[in-house]
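Residue-level listing of the chains:
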Amino acid sequence: MNKIAAILMIGIISYGVYAAFSSTQPGSKPFKRKAQNDVSRAYLAKTVNGKKHSSIMRGMKGLENSSSNIVTAVVLDYRGFDTLGEVTVLFAAIAGIGLLLGGQKKRVITPAGPIISSLAPWIALFILITSAYVFLHGHLTPGGGFPGGAMIAAGFLLMVLGFRTKPSGVFRMLESFAGLSFVLVGLLGFLKKGSFLQNFMGTGEMGSLFGSLFITVLYAIIGIKVAAELSSGFGSFVKEDLEEEHE
Amino acid sequence: MKYSIFLIVAPMAMAFLVPFLGHVMPALSKGLSFLTALAGTVLSVFLLITYKTPFTVIMGGWIPPFGINLHVDMLSLLFATVVYGAVTLGIAFQLSSVVVKKPYFYMLILLLLTSLNGMILTGDLFNLFVFMEIAGISSWALIASGNKTAGVRGALQYMVVASLASVAYLAAIAIIYSSTGTLNMAQISGGLREMNSAMAALAVLLILASLFTEMEIFPFNSWVGSAYRGAPSSISGLLSSAVALAGAYAMLRISYIVFGAGMGNIIRFGSFNITSILFWMGVVTVVTGEASAFTQKDAKRMLAWSSVGQMGMILMAIAIASEKSIYGAVFALITHSISKLLLFMIVGRLVSATGTSDWTRWKGIGRKNSILGIFFIIGALGVTGIPLFAGFWGKFTIIGSAFKSTGSSYLGVYIILAATVMEAVYFLRLAHALFEEPERKPGKVNTGIVFWTCTTLLALAVVIIGVFPAPLDRKIKKIPSELRGDNTSGYISTVYKAMGR
Amino acid sequence: MNNPVFLFGIGAFALMMIGLYGVLTHKNIFRLILSLGLMETGVNLFIVAASYWDGVRAPILGKIFNVKTADSYADPLPQALVLTSIVIGLGVTALALALMIKYREGTGTLEMEDKREEEVEE
Amino acid sequence: MTSNMLPFIVIAPVLLGLLMLSMPKRLNWWIFFLLNIVLAGVIFTLKSKGAMSFTFQWTLFGTGKVVQKLGVTPLGWFFLAISSAATLLFSMFSLDFNDKKHSTAIAPLWLMLVGATNGIFLSQDWISFFISWELMSWTSLFIIGHGKTSSFKAGIYYYALSFFGTMAMMAGIWLLFHRTGSWEISSGVLKTAQDLSSHRGFALTVLSLFTVAFLAKSALFPFHMWPQMAHAEAPDDFSAYLSGIMIKYGVYGLLLFIVPVFALTPRGTIKSISGVPWPMYILAVMSALTSVIGTVMAIFTNDMKKLMAWSTVANVGYIGVGLATGTSLGYAAAMFHTVNHMMFKGGIFASLAAVKYRTGEREMHRLGGLAYVMPITFFTFLLGIIAAAGIPPLSGFNSKWMIFQALFEKKMVFVATALFFASTGAFLYLFRGLHTIFLGQLSPRFRNVKEAPPLMSLSMIVLMILMLAAGIFPGLVTGRFNDILVAAGLNPIKTTLYSMTGSTTSINSTLVASVFALAVGVVFFLFVIGGRKRRVKMMDNYTCGEDPLDWNVGPDRYHYGYDFYQPIKGLFSWMPLGVVEKGYNALGRFMERLGNLVTSISADGTRLGWSFVLGVILIIVIGVVK
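Sequence lines, in order, name chains A, B, C and D. First residue of the first sequence: 1, per the numbering used here; consecutive thereafter. First residue of the second sequence: 1, per the numbering used here; consecutive thereafter. First residue of the third sequence: 1, per the numbering used here; consecutive thereafter. First residue of the fourth sequence: 1, per the numbering used here; consecutive thereafter.
Treat each hint with caution, since some may be false.
[What the hints assert, rightly or not] Heads up, simulated SDA-like pairs for lysine to any residue below, C-alpha to C-alpha not over 20 Å straight-line: (1) K63/C to G204/A; (2) K3/A to K148/D; (3) K148/D to T360/B; (4) K494/D to I507/D; (5) K192/A to Y414/B; (6) K441/B to T149/D; (7) K148/B to R104/C; (8) K153/D to M1/B; (9) K27/C to G204/A; (10) K27/C to L614/D; (11) K153/D to M499/B; (12) K404/B to V66/D; (13) K153/D to R429/B; (14) K153/D to K478/B; (15) K101/B to A5/A; (16) K52/A to G500/B; (17) K478/B to V66/D; (18) K51/A to M499/B; (19) K65/D to P471/B; (20) K61/A to G50/A; (21) K51/A to G500/B; (22) K51/A to I64/C; (23) K102/B to Y133/A; (24) K61/A to R104/C; (25) K69/D to F468/B; (26) K3/A to A14/C; (27) K2/B to I4/A; (28) K193/A to M1/B.
[Said to hold, decoys possible] So these bits of chain D aren't anywhere near chain C, every CB distance computed over 10 Å: (29) P375; (30) W610; (31) V613.
Think of the hints as simulated: they come from the structure by calculation, not from any bench. Owing to the predicted nature of the structure, the values given are computational and were not obtained by experimental measurement. Note that CB positions come from ideal geometry on N, CA and C, so glycine has one too.
Model the full assembly from the supplied sequences, consistent with the hints where possible.
So, in structure tokens, the structure goes:
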């Protein structure tokens with residue numbers, strides 16, 4: 001009964017959305033090739049601060065933002081405040097998990113098999129190197145602090161699985177300091193340039209590895225933070241699993 | 001004025017510090033959490049006193065609409081002050097409780113504080129979403145933080161509805177962005193009108209659904225009873241006095257700026273009449289909320305549903321969209337926050353004294369603790385809107401503006417007036433039960449200097465605002481003209497000035 | 001109808017509706033969380049679809065970027081938004097799972113139903 | 001005595017009441033009494049100072065400039081004076097009533113209530129009026145509840161109806177404000193009177209909203225059931241105040257707003273029925289109905305306080321009829337009856353409180369013969385019911401006579417018939433009260449009962465004197481009315497100290513009273529010189545030696561006062577008496593069901609999603625339909 005009602009309801013909603021999207025009333029239509037709007041165009045052309053360029057070349061200096069990955073530029077520079085919020089969301093979620101599941105019974109440690117425990121450090125090392133690459137190149141290629149951090153966390157988790165060690169309290173501190181340094185970077189921008197999260201490190205050559213230091217620094221912070229958070233969050237969960245195994 | 005960024009950043013930074021401090025010195029982290037909230041309160045009061053004209057704070061040095069901007073005006077400052085005050089008192093209350101909480105608990109309260117201030121100050125649609133999510137996550141964790149399952153159930157229910165709401169909100173953002181190409185509220189203003197009206201109506205519908213969830217409007221409020229009941233009382237108080245306040249703020253801001261309502265205008269997209277939606281949803285919410293509260297034997301559920309009723313009335317005021325109604329809505333929101341926080345504090349202590357939240361088993365507890373009982377009466381009368389108590393002027397003005405406005409239906413106003421009779425009845429029923437002849441010997445209520453300070457401050461505020469509304473009146477007076485986009489001190493023109501246009 | 005945006009849109013909408021169906025028909029909390037995750041994925045896809053047109057390039061500037069050809073790049077902003085919303089979705093799901101575990105501990109079941117007489121704390 | 005005294009008599013009681021919350025109970029009652037002396041003194045000197053007013057201006061954005069004005073009008077002063085005098089008497093009564101055994105902690109609240117009462121009678125603007133009105137509502141609720149669950153149920157019934165009225169008043173005030181742009185009551189009256197010809201729908205809406213508020217407070221027809229609960233359950237010493245003064249707020253409101261509007265409306269503007277504008281005719285019919293219902297219900301009631309509460313309802317019906325006639329005579333009669341009712345119902349409730357104080361009983365059939373042990377109480381009750389029944393030479397006769405004269409003037413036959421019926425019925429229940437409580441045989445249980453304490457007796461004696469004075473010299477009261485009538489735009493009435501002039505004839509009350517006194521004297525003389533008296537012992541053999549408990553009936557059943565009017569009850573069984581109560585109860589149950597429905601949404605997981613989806617659909621429906 002409930003299912004039939006749900007299907008009916010979904011049918012109604014679908015029809016409503018179809019009607020809205022195929023409406024012939026005047027006004028600009030979405031999902032049509034439109035001339036890109038001011039905002040995105042300015043991001044792409046790096047003309048937000050009003051300086052016009054006829055074209056932008058790799059190696060160019062003095063641009064308002066020297067990241068060649070525009071998504072990264074948007075995420076960390078133009079809309080860096082959103083990203084701070086995003087980091088906070090993750091932080092809040094992990095803290096919530098810690099509050100809800102933390103402080104429970106001691107876990108029972110069982111050692112892993114020899115294959116895992118001998119291979120895990122090597123694989124983890126490669127994972128760490130790759131992840132460092134990913135977040136250092138965040139402004140040049142797709143990637144950045146979030147995937148990089150997740151990869152670091154994966155490496156650590158591999159170690160945890162291999163040696164059945166508890167993710168240590170160091171992660172908590174790393175989490176703290178990484179979060180705090182994000183805010184501090186923002187505040188430095190506020191003190192030096194007058195606006196929170198403003199780029200105070202200047203812009204370098206577009207397309208070079210350390211060309212946009214500000215983004216690299218922030219992505220490194222985010223990478224560490226995400227890694228620490230995911231690890232400690234996993235720690236909260238994994239304790240549960242191990243307990244259940246033995247009950 | 002640009003220091004208003006600290007209203008968001010300071011608690012956030014403190015929250016980031018807590019895992020470290022909590023590891024080293026738990027007591028210090030709790031104390032610092034309280035001090036941060038207190039310092040923020042002082043800062044917001046300072047900003048409120050020195051406030052002159054609306055101000056746009058840009059983020060990352062990028063002018064709107066490219067960067068994110070914070071908008072500081074009387075409305076946002078006033079609400080930020082209320083949120084800060086409520087959270088400060090809430091933390092103090094929780095610290096004085098016999099139930100000891102982990103440092104993470106206080107950290108999440110700080111994150112809640114951050115996010116509510118973010119919601120209040122931001123001028124960007126997507127940024128609002130981010131802060132709404134932080135508020136959601138931290139409040140679910142806080143609701144579930146009690147040792148009892150009731151809180152977890154409440155949090156899960158809230159989570160399910162709020163996740164649906166956030167999906168709706170994101171979809172609306174996608175539609176609005178794909179049509180208008182911007183996320184800045186001031187720039188979108190009016191842009192919705194140029195959109196295809198069916199698309200605009202769809203976007204508005206989705207936004208309304210999500211904001212209604214945030215604001216506890218029927219029937220998006222199915223989680224309210226369980227969540228408020230299961231949460232620790234300090235958190236129930238904050239849900240009602242700060243979270244719902246921020247939700248109402250978002251509703252106010254978005255309906256005037258994004259939907260482009262002028263004063264006294266009826267907003268419609270095609271055949272979709274937004275004003276009447278807001279108005280009638282408000283009426284329905286008042287009736288259902290008051291009826292639900294009327295049936296409750298559980299004090300916390302009762303207070304929760306009473307908040308719903310109040311929010312319904314405020315939604316109606318937002319719908320009416322005249323200067324008076326906005327004034328009334330803001331006044332009612334602020335006074336509701338104060339009174340409801342007071343009530344939740346008292347109820348929290350009564351719950352721990354009696355071991356139950358069933359108020360029919362609280363008989364006679366006010367005879368021994370007469371000041372507690374009197375404070376409860378003050379809070380109850382404050383929420384109900386009885387003259388000489390804070391809630392009156394807001395309710396009075398809202399009703400008055402409803403009778404003046406063309407967009408409202410007198411029938412709806414009469415229905416609301418009749419429904420508020422129930423509100424008076426259930427509040428005074430509970431207040432009187434506290435003074436009834438006890439069936440068994442009532443337990444001792446755990447009070448202390450901190451508790452008395454908090455409740456006395458709130459009770460005094462209720463009475464003083466009720467008797468001398470003029471000081472608060474002087475602040476709120478500025479809001480209606482600042483909300484309007486068309487004059488020099490209005491929201492839209494301020495942001496456009498920051499854009500350099 | 002070979003417009004990929006259209007297909008993306010249909011797919012996104014279908015995901016959302018499947019998720020909604022799950023939310024409407026299941027009492028099991030884990031399934032609810034999965035359904036909500038599906039809806040979130042759907043809406044993320046929807047946002048990305050809004051930034052994509054036939055034949056556009058990823059918004060990563062190559063050797064030379066000509067301002068006049070800006071329209072040949074995909075809109076970067078929705079992609080940035082999706083990045084944020086994915087992380088938010090992750091946080092929400094993680095917390096929801098933690099809530100679920102706690103709920104299971106307390107009640108021994110994953111079905112969501114209301115018991116009104118449970119104890120409350122202060 | 002400057003105009004600063006006006007806020008003093010409103011605010012001082014309220015503040016002192018708040019202060020008293022932290023004082024010992026006994027001290028509270030003394031402060032209450034002393035402050036009432038001060039207040040009565042101040043209020044009686046106000047009149048000689050002529051018209052004065054105190055204005056307090058401030059701005060509230062939402063309402064523009066707020067001008068709060070307290071002032072003395074003839075009408076306000078009249079009500080203020082009688083209420084303060086009565087309050088003084090009642091507070092003296094309470095001083096002895098609240099000993100250790102009977103004490104209630106209501107003195108602070110009562111004092112606040114007195115302040116609110118003064119505020120109502122002094123307010124010249126709607127804001128002050130409304131604030132005082134609400135203060136009065138909730139303080140009286142807590143007094144009626146006074147910490148007892150059963151009492152509170154009655155109180156909350158009263159409060160719900162009263163608050164409903166208050167909300168209607170709030171709507172009315174706003175409509176009026178938007179029309180006139182001012183909070184002043186007088187300008188509202190003028191504007192509404194004009195609107196009756198130009199914007200009739202609007203004016204009638206405003207008038208009906210206010211009427212709902214005033215009717216709810218005065219317990220007129222659709223709200224007639226609360227006094228039998230509230231008066232009965234209230235603290236015994238407070239019932240007198242409740243019935244004597246509080247029920248008159250609505251009368252005051254009608255006199256303040258509704259009556260002047262119709263007085264200022266030129267004749268012929270709105271349709272009239274037998275010379276009375278049709279809204280007023282409806283009011284008259286409703287009032288008459290109230291009278292009938294009150295009388296019939298009083299006849300059936302076994303609880304002495306409930307009986308008198310129903311009698312209060314019946315008497316308010318008379319007052320309402322007087323107001324509705326729309327003539328000077330009618331208004332004067334209504335006001336006169338207000339005063340009389342305040343005195344005789346105050347006296348009756350005081351004597352009942354004294355009975356309760358000494359015996360602890362409320363059911364009448366458990367009492368009897370108390371006249372032997374409580375003579376002062378008995379005489380107060382006796383004079384009270386003579387007045388209530390409208391028998392000369394006491395005050396009730398005069399006002400009832402005037403009301404009937406006003407009805408004859410307008411030839412309102414139907415209403416007059418109903419009132420005659422109610423008047424006759426009053427004999428039945430009042431007499432029953434007298435003889436069941438005070439006459440007959442004294443139960444051995446109450447042999448040791450003593451007369452009421454001195455201060456209680458004193459205040460009852462004063463009330464008796466007042467009743468007699470107003471009965472013998474009606475001009476003492478009616479002479480005050482001409483100012484009020486002129487201020488309301490009506491002709492003065494013809495009255496002297498000794499006589500009243502009606503529409504058909506005039507009557508010399510003093511002469512009537514003299515004749516009456518002579519007759520009583522003769523009868524008493526005959527009684528003294530007449531035959532021997534023989535006391536009958538209390539008989540305990542009426543069940544022929546059997547224990548009624550064996551038949552599953554209590555001994556109550558065998559008291560002659562129990563279910564006294566059984567035959568009459570059968571006679572009236574066809575009347576749908578409880579139908580309004582049933583309606584209210586059904587509404588309450590409906591609301592509870594709605595609430596349960598709404599709260600059950602959160603009962604399980606799937607409903608959460610459904611609630612969201614249905615909410616979206618609700619939004620769409622509202623958005624598209626409108």
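Structure-based check of each hint:
| no. | hint | result |
| --- | --- | --- |
| 1 | K63/C to G204/A | holds (16 Å) |
| 2 | K3/A to K148/D | violated (52 Å) |
| 3 | K148/D to T360/B | holds (13 Å) |
| 4 | K494/D to I507/D | holds (12 Å) |
| 5 | K192/A to Y414/B | violated (58 Å) |
| 6 | K441/B to T149/D | holds (16 Å) |
| 7 | K148/B to R104/C | holds (12 Å) |
| 8 | K153/D to M1/B | violated (55 Å) |
| 9 | K27/C to G204/A | violated (55 Å) |
| 10 | K27/C to L614/D | holds (18 Å) |
| 11 | K153/D to M499/B | violated (62 Å) |
| 12 | K404/B to V66/D | holds (17 Å) |
| 13 | K153/D to R429/B | holds (9 Å) |
| 14 | K153/D to K478/B | violated (45 Å) |
| 15 | K101/B to A5/A | violated (44 Å) |
| 16 | K52/A to G500/B | holds (16 Å) |
| 17 | K478/B to V66/D | holds (18 Å) |
| 18 | K51/A to M499/B | holds (15 Å) |
| 19 | K65/D to P471/B | holds (15 Å) |
| 20 | K61/A to G50/A | holds (16 Å) |
| 21 | K51/A to G500/B | holds (14 Å) |
| 22 | K51/A to I64/C | holds (18 Å) |
| 23 | K102/B to Y133/A | violated (38 Å) |
| 24 | K61/A to R104/C | violated (58 Å) |
| 25 | K69/D to F468/B | holds (17 Å) |
| 26 | K3/A to A14/C | holds (17 Å) |
| 27 | K2/B to I4/A | violated (55 Å) |
| 28 | K193/A to M1/B | holds (16 Å) |
| 29 | P375 | holds (59 Å) |
| 30 | W610 | violated (6 Å) |
| 31 | V613 | violated (7 Å) |
Of the numbered hints stated above, those contradicted by the structure are hints 2, 5, 8, 9, 11, 14, 15, 23, 24, 27, 30, 31, listed in ascending order.
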